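Visitor: These two chains come separately, so use the hints to put the complex back together.
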Amino acid sequence: MSNPNAFEELKKILLEEDQRETKRINEDLRSELQVKIDELEAQLNDPVKFSSKIEASKKQIIDILGPVMGSMIRKYVSSEIEKLNDSIDKRKEKFFGLFKWRDKNIKNIQQPKIIEILLIEEESGLLLGKFSKDAISDTDMFAGMLTAIRSFMQEAVKSDNQDVSLIEYNDFRIFLHNYGSYYFCVIFEGRNSPGFIAFLRQEIDTFSDKHRMHISPQDTNDFPIDQLNGLMNTYFERTCAKLAEKLF
Amino acid sequence: MGSVGVGKTSLVERLVYQRFSPEYLSSIGVRVDKKSLELDDCKVNLLIWDIAGEFMTHKVYQKYLRGAAAVVCVFDVTREQSFLAIKSLISEISNEQINPIIYIIGNKIDLVKNKAEFNYLFLDESNVDMLTSAKDGEKVEEAFQFLSKILASNSPNLRRV
Numbered sequence: 447m448s449n450p451n452a453f454e455e456l457k458k459i460l461l462e463e464d465q466r467e468t469k470r471i472n473e474d475l476r477s478e479l480q481v482k483i484d485e486l487e488a489q490l491n492d493p494v495k496f497s498s499k500i501e502a503s504k505k506q507i508i509d510i511l512g513p514v515m516g517s518m519i520r521k522y523v524s525s526e527i528e529k530l531n532d533s534i535d536k537r538k539e540k541f542f543g544l545f546k547w548r549d550k551n552i553k554n555i556q557q558p559k560i561i562e563i564l565l566i567e568e569e570s571g572l573l574l575g576k577f578s579k580d581a582i583s584d585t586d587m588f589a590g591m592l593t594a595i596r597s598f599m600q601e602a603v604k605s606d607n608q609d610v611s612l613i614e615y616n617d618f619r620i621f622l623h624n625y626g627s628y629y630f631c632v633i634f635e636g637r638n639s640p641g642f643i644a645f646l647r648q649e650i651d652t653f654s655d656k657h658r659m660h661i662s663p664q665d666t667n668d669f670p671i672d673q674l675n676g677l678m679n680t681y682f683e684r685t686c687a688k689l690a691e692k693l694f
Numbered sequence: 005m006g007s008v009g010v011g012k013t014s015l016v017e018r019l020v021y022q023r024f025s026p027e028y029l030s031s032i033g034v035r036v037d038k039k040s041l042e043l044d045d046c047k048v049n050l051l052i053w054d055i056a057g058e059f060m061t062h063k064v065y066q067k068y069l070r071g072a073a074a075v076v077c078v079f080d081v082t083r084e085q086s087f088l089a090i091k092s093l094i095s096e097i098s099n100e101q102i103n104p105i106i107y108i109i110g111n112k113i114d115l116v117k118n119k120a121e122f123n124y125l126f127l128d129e130s131n132v133d134m135l136t137s138a139k140d141g142e143k144v145e146e147a148f149q150f151l152s153k154i155l156a157s158n159s160p161n162l163r164r165v
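Residue numbers (the numbering used here), protein chains in the order written: chain C, 447 to 694; chain V, 5 to 165.
Honestly, the hints are just simulated from the structure, not real lab data.
Don't take every hint at face value.
Unchecked claim - Using 30 Å as the maximum straight-line C-alpha spacing, the simulated DSBU-like pairs for lysine-lysine come out as follows:
id	chain 1	residue 1	chain 2	residue 2
1	C	K579	V	K47
2	C	K559	V	K38
3	V	K39	C	K579
A quick note: this is a predicted structure, and the numbers were derived from the prediction, not measured.
Same shape as in the complex, but just chain V (with noise of 0.2 Å):
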């Protein structure tokens, strides 16, 4: 989840191959995609659903997150107002009595000339899981396998196969 415009598309289709057409976001608002993930020891099948910022304020969003395993939040390194509808949606989904892993991904890296010197003014690092540019593909893959292996290893919603 996350703003407009943060790159959650980019990043999902960065990931997988898309099967189903981009319509499907402007007019339920979602979009669902897969991707298979090898980890050390096993396999995971992620299910991505893609909900479109649009629909953050409408309330189906709230339907939408239901049984999720993990919500990556998504938002855009360069806009302080995204990380900030970030926390928002956080606490909204705490009190949607819905208990999924909550994974946050800072986008659009390769917009920042100078990492070493880039002021994280109103990011608090600590908080962010990864940060990546789904432009240039950097830590898209790796976001996600570290995710799987978080679910893997403590979320009480896998399915064994």
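One chain only, chain C, in its complex shape (with noise of 0.2 Å):
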């Protein structure tokens, strides 16, 4: 019958030696290295030894932290343009988003808008008649004074076949469209585009022809300006219901 112990009593035998020999082995690498790791602890203690000990090392630190570090610092830089680009993203976001907006808006802020259309008489600077949709303060000195720049532009460039047509100030426009004996000044706020100006010219063309003969100065003395100015409502109020229609 075979003994179930006969198996350990074998090991025993065959390896007690071995056993032996790793157990002293392992003492004596334990001391050995015990005797290390006071060494290095001692000198990790001491500042002035560990400071020379890594700048004796430093290549080798390097080249061992290198790709470590190399690793957590293009994770950080990537982590950070991550964070820089969500940043833009947002930003660009707003602007472009404002740049919508502007699409959508702009062409409705700039859209020309007439405030007040004067008939003023050429030479005397008279007003002749007047379309208000949003009235300046006194249209009559207004048109005094307007006309006194002109004479004296006209008289600055010595020339009365060449007049101002267009004068900018602030964010209105003052459009002049002249005639022998009387000139039309539009005051507008909005763009300037030549498609409204020749919308206007057309307007004013047309309302000029129509009624040449109740404006034009000399034919003028028994036309009430109260009935020029009824007129001129009429006619300039349809004008801006059509300026409202179209998009300059």
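Guide: Here you go:
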């Protein structure tokens, strides 16, 4: 019959010597290691020795830590870039959002709006008639002073054939459309596009053709200004309505 | 119109409330003011172009006179030279193919201490429409009232409101 402890006994006989040797080696290593650890500990606790050790092992440290640190740095930089990208994206969103808003609204903002149309006698600067959407302070004085400035400029540039046609002042623009003995002055705000100016010229020419006999100073002494104002109001109200439907 | 220092701007300032900057006078030589006057049977709106005396020698002043229903010529009653300048102005206006009413005002009458004894050596009073003092306001309103009446009855250039 087999002995159940036979294997254990065999193992003990065959490996006893090796086990003793292994134990001895372990103890030797442990004691050696302990000495080394003590030495190292002593060095680490001594800042002068530690720093000189580091200094002496700089290249090795870099070799060892480089990849680790590089990876950490890359990770940090990448995370920071990500944060920056997020921030840029948010700003871009706001910025382009503004552009979108602008695109949507800018045409409305810049859409020209007529404020006042004055019909002024060329030489005297007397106001012959007016159409007001949003009246300026004193149209009589304005008409007189505007005529004086025009006269001055005509004399300054020595030309009766050329004339001022557009004056810009803050948000306002003053378009002047000249005839022989009278001229129209359109005060408007918004964009001064060629299309809008062409539209104004067309509207004014049509009114002028239709009512020349009431406008022309030599023919109008019997035509009261109030009636001319009425004609201008009716006509240019329609002009404003047309303008609201167009986009310049 | 009138020579430098005869009191044109003072007369206008005495008459109306100024709204345009006085800088216009020195820059383009004119400033436009407005005065409404009630006459017996109507109201007259005067648009007054105050032309700087310095611009009398400038060609642009002729442009400023075009279309005027009346030209108010002002001189200083104590300066003969200013009166002679008026005479010269009037003859120039006649050459300009414009036909405004010429209205002559002798200003600074306050400087004449004793008006009764004042010797208008250079002055032919029959040619002067009104003697005024812009300083005291004497006869200023009356001068323009009188002018407005003349305009209302004579001027072909008036527009009915």
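Visitor: Hint by hint, note whether the structure agrees.
Guide: Now the hints, each set against the structure:
For the proposed pair K579 of chain C and K47 of chain V, the alpha carbon gap of about 26 Å is at most 30 Å, so the pair holds. A distance of roughly 28 Å separates the Cα atoms of K559 of chain C and K38 of chain V; the hinted pair therefore holds under the 30 Å criterion. Using a Cα cut-off of 30 Å, the hinted pair K39 of chain V and K579 of chain C holds, with the two alpha carbons roughly 25 Å apart.
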